[in-house]
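Undergrad: Quick note, the sequences are listed as chains A and L, same order.
Following the working numbering, the numbering of the first sequence begins with 1 at its first residue and continues without gaps.
Following the working numbering, the numbering of the second sequence begins with 1 at its first residue and continues without gaps.
All the given hints hold, so there is nothing to weed out.
Restraint-style ranges between C-beta atoms, simulated for each label pair: (1) L:32 <-> A:715: 21 to 31 Å; (2) A:705 <-> L:105: 41 to 51 Å; (3) A:678 <-> L:129: 52 to 62 Å; (4) A:705 <-> L:9: 39 to 49 Å.
Far from chain L, by Cβ distances over 12 Å, these chain A residues were calculated: (5) 325; (6) 387; (7) 467; (8) 575; (9) 676; (10) 710.
So these bits of chain A aren't anywhere near chain L, every CB distance computed over 12 Å: (11) 66; (12) 99; (13) 170; (14) 556.
Derived from the structure by calculation, the hints contain no laboratory data.
Note that beta-carbon positions come from the ideal geometry of N, C-alpha and C, so glycine has one too.
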Amino acid sequence: MIAALTFSEHIADFLYAALPLKDRGFLEQTLFLIPLFPFMGFLLNGLFGSRLDKKASGWIGVSAALVSFIWALFCVIALQVPLAADPDVRNALHSVYGNWLSNGDVNFSFGLYLDQLSAVMILIVTGIGMLIHIYSMGYMSHDPGFSRFFAYLNLFLFSMILLVLGDNLILLFVGWEGVGLCSYLLIGFWYEEGKNAAAGMKAFVVNRIGDLGFLLGIFMLFALFGTVNFVARPSDKGAGRITKQTFLTTSPTDPERKDYVHVPKNAGLLDYTEGLRLLAETHKDAKDDKKKVGYRTDKAVSNLDLSKTSAAKSWAGWFLVDAITVTCLLLFVGACGKSAQIPLYVWLPDAMAGPTPVSALIHAATMVTSGIYMICRLHSIFALSEPALTAIAVVGASTALFSALIGLTQLDIKKVLAYSTVSQLGYMFVGLGVGAFSLGIFHVMTHAFFKALLFLGAGSVIHAMSGEQDMRLMGGLRKKLPITFATMLIGSFALAGIYPFAGWWSKDEILMQVFAKYHETHQTLWLVLYAMTVLGAFCTAFYTFRLIGLTFFGENRASDEVKAHIHESPGSMTIPLMVLAGLSLFGGMLWHHEFTDNAQLSLGIRNAFFSTDHHAHVINLAVTSIVAVGGVVLGFMLYSSGKRIPDPEKARTNFLYRLSLNKFYVDETYGVLVSIFIIAAEILHWAVDVLLIDGLFVLGTGYGTALVSKGLRRIQTGLLNWYAGGILAGALLVLFYLLP
Amino acid sequence: MDFIVAMQEFILAANTDAPGVFNLRNCLILGGILFSIGAWGVIARRNILIVLISLELMLNAVNLVLASFARAHANLAHQNLNPSAGQTGQIFALFIIAVAAAEAAVGLAIVITYFRNRETVDTRDMNLMKQ
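Next comes chain L alone, as it looks inside the complex (with noise of 0.2 Å):
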């Protein structure tokens, strides 16, 4: 229960801020919300397509979270004169955003086959392995 109570004191405490300026907590409540849309996408929706969709909606918002913690920590890095501190984390998004897309090469060569062969996208048909 200590994680929700300081969850929304977190959420609570980001809407003082001023508008304008680089906010962690923004960017962090941003990612968490694409994050859980991702998830839901990933857990409720039945059609292939949507399902990887919200799979790459989840990357993003992980790819938001690193951009931001990066950003957040080239801001303390400054202060303690370290010039290369703050890039592992965009960098990191910038691997994710290429391994991202490889992915969904190859997932939607997969889906476009399964498609062929089935005539379906429906996940609830996919259950060969079971039956």
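Excised from the complex, chain A in its bound form (with noise of 0.2 Å):
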């Protein structure tokens, strides 16, 4: 095992040496290769996609993720030489390639930042990308639209490292709606069917409300702050060095005064949050919880009330709220909807309409995270406003526990992978929502190899089983399809969360810091929501391995003919199978360091609340142990022999079974409450279009001209005396008028 280790050490360091990885600069100016060559696989898939021959679109579409995936390896490597000692310096690569949008002191920028938080989203993106695109070659082999397929995979890549890696929040919108754009032209993949067609329109729909959310929050940021820049620009001098030098100077009109704040011309938001907190620290101390603080820019001035809780209140005078808490609500807001968080979760088990890989990549794999990752982004926002991290952490553990009890019941197997993807996605935002953004990612990074992983799986399955999804026509896989068996094994350990799988690095760590915060606050409220995910972990590691043993013991309940078929599958969908399993094993234990060692300062992220109490520890693992250890034993006992199937019948006589297989009702409850809108909306075009507009207005002219012109007709007697007359009328009428 050393030896082993030393190998692969000295490998490193040839690497490390052949390849231009110690060039920084060189990378730092080639970052957007990342996003082009995705961007180049999509353009000659999508163009010229009908005439290349399925082999040729598939190795286009393989291997533009596969360079993007080395090249973002390279950055990453580079970006680990640390930069400088000082630990408030920012080591990141950002490279400005040009302006987007240039009006006076507003500036869209079009750049990409590479730091410790968009390398592990990048790496995720590409490298799980990749795999799936390898695996879609086998999965997708015999449908006609392989070529579009891989063209909109393409894209959605592109999108997504452009969500990753925009240095703006604008960009990131961008690469937000693409991602979006991508997810709908997925789910609706096999359009022909409407169901399909439906179920992509109701991910738009679902996620535009978010997205209205989400605008509105960037809107705000930019009337506090004047920016949507993350940090300053590596052009402007100084920039990205934030020091409390930098920042605490002293006012310019009241040279007592310490507690100004100087931000550097071209600030960036975080260097704006970093000055806030660093002014908070200083005045920790302070009796004063009313104290001002000014924020003298070279742009505009705003005054930010500092208090106790170092959340700023009271914006400009006029905001009476909470400024930064109603931004960042409306910023959650948007994370729901693309997260799948309640109210908004609908769309993702719907989104399974989509072929498999899709569902790996896009709805569990990286864009379903992608708010965790813009709230990470702009984490230090957040950690200044308590009320909206604690909102995120309530929405996220009920999300937890509440898709955990629909999956409890669902019969497809896709749809059980869904409602847990919604779970584990609730997870991550009660990470986020303790204070702990680090670990918010570490799940995201380990859901992404378990839930790839078990996507694929059941894709694996679904390929063995001709198309069919229902789990009560399955059984006894495991003996043909024994890497599936195997490997979506693995990957049910880690969902469940037994030690030592990557699951229960992160999952684990999560739970924790939420009793931590009950240990230290001693507030109920954090005891209810440990309640709820540890309730929703012990029904995460029961679904799972109720899906492991009725899809891969006891008998065969399939037909005669669907059982001939029954095969394992190619190595192109094997491999990647291995390898997510692989890294489902050893995922969490290699890497959970870089998220959990350092509490305060982990990937650049600086935590909000980060506990290293050894007593909560010790309780939230004997608790967690028992329940996942229970929830596991559970399942695989009651569901293993093969006896026990579930039957849609009981849910007659059974209230909570109905509840959870009829997935609570809400999509029942949000249609009657669309529908009312639909009415009151139906009732507005009767009023406004059809009465008003199409009435009045257009038939209206129309009736009335005919009415007016009929009674004019009279006059146009065709005697010439009467005409004369009419004139002399006129003539008279004028010259009344005229005369005084």
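Reconstruct the complex from the two isolated chains, following the hints.
TA: Structure representation (structure tokens):
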């Protein structure tokens, strides 16, 4: 083992010497290559896909993802070389390729920004994206829309890279919308079936609601800080070197006042919030919690009232509520839409109408985590608002438990995994809500590994079962699909949170932080949230092993025709499974240091709350271990024999079962709620459009003209004398009018 | 109503002046009467020839008024030592006479042509555009 480690170190040394990894400047300038390759793949497959044969368009797609991944890997390795000893200095690759919109002080640049946070995301996106591209070559091999599929996948990869690497909120939003579009296109990929097209539309419409909140949040940030850039541009001198000395200068009007913050020109959002945090740190001891803090910038002066909780209140005098909290909540609405949280989660389970690789890549591993990424990207703003964080935690915990309960009874193998995804996203938001941002990203990473694995495994099962997705018709597949079974088992252990699989490291740590938060604050809310997440964890373990038991154990319940076709998937599908299984097994173990070791500043993220309380840790460990193992054993015992098959008929008598099976009737409730608006809209349509515009304006004009001319027609007598008299009368009228 | 009262006063005032002296009021009253007769003829008569004659009457009423105003204006202008004042109205009247002659020639030519085609001079039958 040690020999192997030193050997791999040798290889790493060799590679480091051979590749252009030391040339940080070069890699910084060529960051744009990461999104460029998938975009070129998209263009090639999108424009010429119909003329290429399947193999060619498949390889174009895969190699675009592969090159992009390799280049991202280079950049991330170069990033690992520490830049300076000062921990306050941001370590990032940042290059601005041009101005997009420039008007006075408003400047939207087109720039890419790679720091430790986006490094994690970019590796997940391109790495897992590449694996799923390879998998798709096998999975979609019989599909007539093969090149279209790869064009969409590459476009998705491009948009997601833009989302992750964009150095300002506008660029992030472009990527955000781009992935939404690709999600829509891919959910409805088999658009001949109306159900799939409807699912795509549902995803798009629900996401619009979230996007509205997100846009308003961006506007608020712009109104508050006058910028949408995350950090200052690299060309600005002294930018990105935010230290106490940079910020804490004296007030220009009153030299005695030390509570003045000078923000460098072109400062980004994170520079401002960093300044706020430093200021709060300086004034921690001050008794005066009504302390006014002046923000002096070269653009505008906005006064932020720094209260005891360091939340910025009352902006510019007209805002009575906490401006930052409002901003954070609006941004969170956006995150709710994209990351499928209550109340906007309803699109994600339906999104499973798309091909399975899409479910794995977009609706489990990458796109749905972009809400978490966005909050982590703006973590220092969220850290200023305790109420917003609490709201995030509450929503996250509710979603985690709620969707886990729905997952308990689903019959469709992909639906179980879909609700599990919603639930796990809830755990990520709980991590963010507690204030441990780096743990949210940690769970994003491990979840990407094991959920992509589970989805791809499910895809392999569906492939073998000739398209059958109902678990009641499966069973006993472990002998016929040995690789799929082994890898999915690893994924299931990771999802259930069993030591030492990847999921344990992140989920357990999140739960521990929730418990520690209760331990520290003694607020009942956090205990309730902890109970909810623990119960959710139990359900997770249960339904995961219910899935394994129903699918792989017992007797096969499929028809003889299907049975005859069952076969293990080709290498292009099993190899990604094995890679992901390796990551699900070792991922947490290998990389948890990056996220948890430095409680204060992991991944360049300054956690608002991170407890290393040993006491809380032990208690939590005991609780979660019992719960996870209990869930696994119970789920497996009940369903592995093949004798206990889920029977929807029982729902008639069992109220709770009926609720869970019917997804708590949320879709139906939304249907009623939406139909109220639709009826209102129809009344409005009838009143305004039909009556007023069509009736009064359009038809009214016509009928009015006809009516008037019917009357006026009588004066056309054809008699010369009448006309002469008319002229005279008119002349006389003019005369009388003109006479004084 | 003020206008009508003013007209009544105007007509009554005309009678007070001595005979044989140029009197603008009398000329204007005459012009007005002639114009009204002409207008009545244009509106009421059905014979197109009578209508044309009435039209001439109206034109000549206007000529009379123009000449009268020119005369009155010349009287005023004389006091202001402006030798060319008062000629405009007379010249205008001459123009109208010339144009009226041309108009009468054209109009009568049309009427004759029309009569040859339709054998009527009644305006009530001249409604081809309406039919």
